[in-house]
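> Join the two chains, each given in its own frame, into one complex according to the hints.
These protein sequences, in sequence, are chains A and B.
Throughout, this note's numbering is defined as the position within the first sequence, counted from one, plus 71.
Throughout, this note's numbering is defined as the position within the second sequence, counted from one, plus 20.
Honestly, the hints are just simulated from the structure, not real lab data.
By construction, the Cβ of each residue, glycine as well, lies at the ideal position given by its N, Cα and C atoms.
You may find that some hints are simply not true.
What the simulated footprint calls covered on chain A by chain B, stretch by stretch (three residues with Cβ under 8 Å from a Cβ of chain B suffice, anywhere in the stretch; the number is not a length) [said to hold, decoys possible]:
| hint | segment |
| --- | --- |
| 1 | 269 to 276 |
| 2 | 302 to 308 |
| 3 | 329 to 342 |
| 4 | 345 to 355 |
Which chain A residues stay away from chain B? Per the calculated CB distances, all over 12 Å, these [as the list claims (entries may be wrong)]:
| hint | residue |
| --- | --- |
| 5 | Val293 |
| 6 | Lys312 |
| 7 | Gly314 |
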Amino acid sequence: MKEESRKLFFTFIVSAILHIIFFMVLVFAPAHKTSKDFSPSVINVSMVALPGPEKAPTQGNINGFVLEKKPAKPVKKVKQINQTAPETTPTHEKDVSKTVSTAPRKIKKSLKKKTFKSSRVVKSAIDRIKKNVDKSRPNPVAEAISRLKDKVGKADSAGQQKTEAGTNATSPSAGIPGGYGGGGKGQIKLIDIYRAQIPYYIEKNWAFSKQLSHGQTDLVAVVVIKIMKNGKIKEVWFEKKSGNNYFDESAYKAVIKSDPLPVLPEGFLRPYYDLGLIFTPSGLR
Amino acid sequence: MVSCLNISKIGSVSKAVNSCLSSFAVLFLLVLTALFLIIPPFCSAEYDYIDINNPFLKKIPIAIPSFKTVTENPAEKRLSVTTSGLLSETLEFTGYFKMLDHDAFLFDPEKSDITALNTNFQNWTDIGAELLITGLLEIKDDIVDIELRLYDTFKAKLLIGKKYKGLINDRRKIIRRFCSEVTYYLTGKSGVFNSKIAFISTGSGNKEIYICEFDGHNPVQKTHNKSITLSPAWSSDGKWIAYTSYKKGNPDLYIKNLAEKRGVVVAKKGINITPAWIPGKFALAATLSFSGDPEIYMLTGSGKIIKKLTDKWGIDVSPSWSPDGKKMAFVSNRSGKAQIYIKNIASNSVERLTFQGRYNTSPNWSPDGNKIAYCGMEKGEFNIYVINVDGSNLFQLTFNEGDNESPSWSPDGSLIAFNSNREGPHRLYVMTAYGTDQRRLLSLPGEQTNPKWSLNILNN
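For reference, chain B alone in the conformation it holds in the complex (with noise of 0.2 Å):
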């Protein structure tokens, strides 16, 4: 009796333990559940999130302070002013960069080494330098020795050291050649810094080609015609220039070699104007009305018809290639009014490319092949647009400052060339691809218009 009831208390025991372990499984899954439920969305919402997305300054900041020189030689002293001076202003005119004032400067690396290891970063990191370039110059005779450094200032890095060697005369090839170093460690791209522009000025009492370099400096006349000159063309390799003048009374078509002063005329019955080199081929387009309608052809680089590119009944100018030579914009009046269109070489097939605006001339195809800039006419006033070569995304550069005209795209696509009236006669300006920037490239007697922009020409 007394073992039956033991079992049976056994067996109430182990119930009620049992049933515990039960009750208490089911209330821990439920805590179990409840904290999977709660916990999960207080964490995810461990960080806020703020949008940052208008930059104040839109250029990169960078310090560059006066060379250090060897010697105490003041000659070597004023060179070292005047070619940190240069160097100041050669990356400025890209549009990249934000030159900080010497006076702000906390530290004279002239008093220091130029090298990575006695350089206290936080010195440029305090007044915002991003990048610091810091040279080393030594006159021996007429020998220049350049030791130039581009350093990351937040990192304490070397990006780029170069040594130059050359003549004082030289100096500008020097700044210009690390300039393209500089520029190309930073976009992949060479820059400006090889490239020339071909424009008509009037400062000689007629209009005639000159030539200056990329930032203005040192033009020259190059045609001396004594007559009507325009549309300057540059080949590819920039040995050939093209253009249209009337010295014999008719607008005939000259392909000069600049080097050898030699070329040949295409004078045609009618005009033979706005000529444009087919990308890295000696040939080119241009508008010729000898068969009585004026219509765009291919001529090789003798003067020679390919064949007729345009054959519509309508005016059909200026033509400009895109980079790989596969399409040709131009304009055409073939509407009604002047726009732009864009014929497919390999189809044949021509699609209008402007709808916006009664008058759009002068098209500019970019570097990239993305773009086409243009000049265009809204109440009046002639403007620079930026239009996809597709159409889209139409933007215009220049407003209310006068008539701006004949964009031309620099070889890196980073910069715009054009003329404008907004300071009296027409002079050259230049703008960054986004309209910013806009300066005025060079002071020359009279008027000057028709800017282009060659490919990277030069040889370092």
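Just chain A, with the same shape it has in the complex (with noise of 0.2 Å):
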């Protein structure tokens, strides 16, 4: 009886000990990693399709992912919007008020003690003309960013609400920047916004002739890349070719071109960020 139970317990340790390698083996060998779904994580890429820097952003853009935290608080929102496009901040439109309500009274006076300068008129004139079309202006990077942040602001307080009214717990991982699949899907984190960058740096040093891959557009190839927290991109692989060896080449290119890509954001909790680049050529016309 004794034997036999402690046959039975070996032979339940050692099945035991087996099953853990085969699901270790299943789970972390990367030839057995299941495919993802694309298209819930798939970012529009228009929206980044933003005039930036040529290099990776400074310390200030670094600095901007850390305001994102907090995008209640309108005033750091202006500083962000300094930070990239300084025809539009509201100093400027208070200027520019200034000088068209004392600009009339100016050459009233001038004309009566017969100073009046034309030249000087001329210079108003088109100071003036020019302060109305920076007015009138849309800022697409002062609008995409503050378009992101009402969408972190969207989904902190959204998240805030449903813990107001749930069960009190709140996730460990919600709200941290870098974790994976805490927080929900409506949630944006800032790796999100770091992610919504990307295409902009690839498509940037991406050359691909439409004419050279004979007007193909069906091509699809994924590049995995590992971007390190200083933004340089230490290995690259891919997880599937197109076929087409002249689009896989330029995808490649273009990836080794974009190197580095901006730093990660701060908080990020990971040592590298693994990311996977889906190149299609859909975008050409």
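Written as structure tokens, this is what we have:
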């Protein structure tokens, strides 16, 4: 009896160990990674087709990520806009109004005193027109950033409401930048904003001729890159090739040219960020 | 009693051990199941994915620095600059390449060897060049040696290396040949470099046929009829050209051998117009109206009628053959308005291709056999369209730039020549098969119309 139970116990232990090894191999071996459904994590590229700096963003941009943590504070929002689009700052607008309101008085005065200078009038008129143009011209960078901030704000408030209305339990990973899967689908994290920037940097360096691919628009290549904290691309490998050598090479070159990418957001918990780039020529006319 | 107690104690201990083991096993299985359910979703989310779908540059960035010279001879230096410039222009014509500005170069290959051993490719990748062509030029009397190398800068790999020797005046030929090599390496096709374009020009005061090289270089007047000459058509081997001329007062069909100055005239009653050679054969289709109704006939290269290809009341004109010679596109007004139809020669069936617009003419079958370019009129404006041979995927290539007519595919199907009055008089233009890079082909006095691109017919 004792012998049997001992045998049973050892058999069970061996079986359990083998099961653990099997599941660990199944789970962690790269070849067995289950392919992810692409569509839910696809980000609209047009959102980030922004004019931007040639090189990776400076520390100021990183601070921008930090600012995104508290989108409710309007003062920080203005700071963010100042960094990227000085011509649309509120202070600038104030200056415009001042100039406009005082200009006619000056002209009257100078005419009476016979000190009217046509060049000065022309100059002030040009300034006024310039400022009006600046006021009326939409700034895509500022708009995009404020749009992203709004989203973050909405997501945060929605998350808070849910927590308040729910069981008072907060997910430990909710709101943690760089965490995977936590916080629910509706929550936009800093890494999401970072990810939204990446297509702009890659596409900027992507040279691909539709002629050379003979007009094929159904090509798909998936390149995975390992981005280090400082934005350096450490590893590049193909998860899937398109079958068109020219297309695959153009995608690879685009990635190499884009190195380094912007630094990862502050507070990102992992030492690197693996990102899959799904290259398709669908954006070509 | 004691032993009984001991036995019962041992039995109860053994039961306790067994129950402990079984509860441990159950617990372990539960934990394992929980891990099995929880871990995979975390692991499958290891990558995030984003779409990259809009390349900023639609061409290949390539650097072509001035060729290195063997000596410091000023003539050699001048020739090096002009020849490297010619190479840049010739490759740029294809629409595949974006030439990088010499001012952006970080390194002057003239000061070093042209081989990969002494080339720091990072100097070229840093400025965005994906390809690099280096050259070495040497003049000996009136003979020139040109060594050309194409590199992939990212792989630091030699893709093509060729050394040419020829007369100094043969530089265009040498450059054309190397460009064919480059294009063949990248596309699998030899490109357009050995083709010619025939067209009509009024430069002499009359509509005469001219022929120029693929890039508009070296235009030569080929007919001197002092009359109206129309619709030039190349034979597949480029040795024959057919056209219509009013030289004798009537629109007659002329079939001429370009080199030997011989040929025949088809001068039947009525009109003898719009010839189109059957690919790979010494035969052609043309519209003849000797029966009273303009129909398309198949003729031998010597002008004898083989058979009637269309037989429907109404005007049937402008035939254009599929590359395999099994189908023929043509224009007919059988539905009341000019539209494009496709005839299957074997089955004799005819299908209408175009339904959009009320006036569609000048069909030209693409070399890959999949598309037909044509001229369509919408809102009083003529524009170039491309449509799949099954009638799908209609695509307009020209917009709001005057009238654009007579499209003609390049032999590799990458470019389309056409005439347009966008700058006043009708002139010849060229664009990519996707409508991009529209530019004027040449500048000549008078008006130029009716371009017809030959196959690659030049002998290297």
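> Hint by hint, note whether the structure agrees.
Here is what the structure says about each hint:
no. : hint       : in the structure
1   : 269 to 276 : holds (count 6)
2   : 302 to 308 : violated (count 0)
3   : 329 to 342 : violated (count 0)
4   : 345 to 355 : holds (count 11)
5   : Val293     : violated (7 Å)
6   : Lys312     : holds (15 Å)
7   : Gly314     : holds (14 Å)
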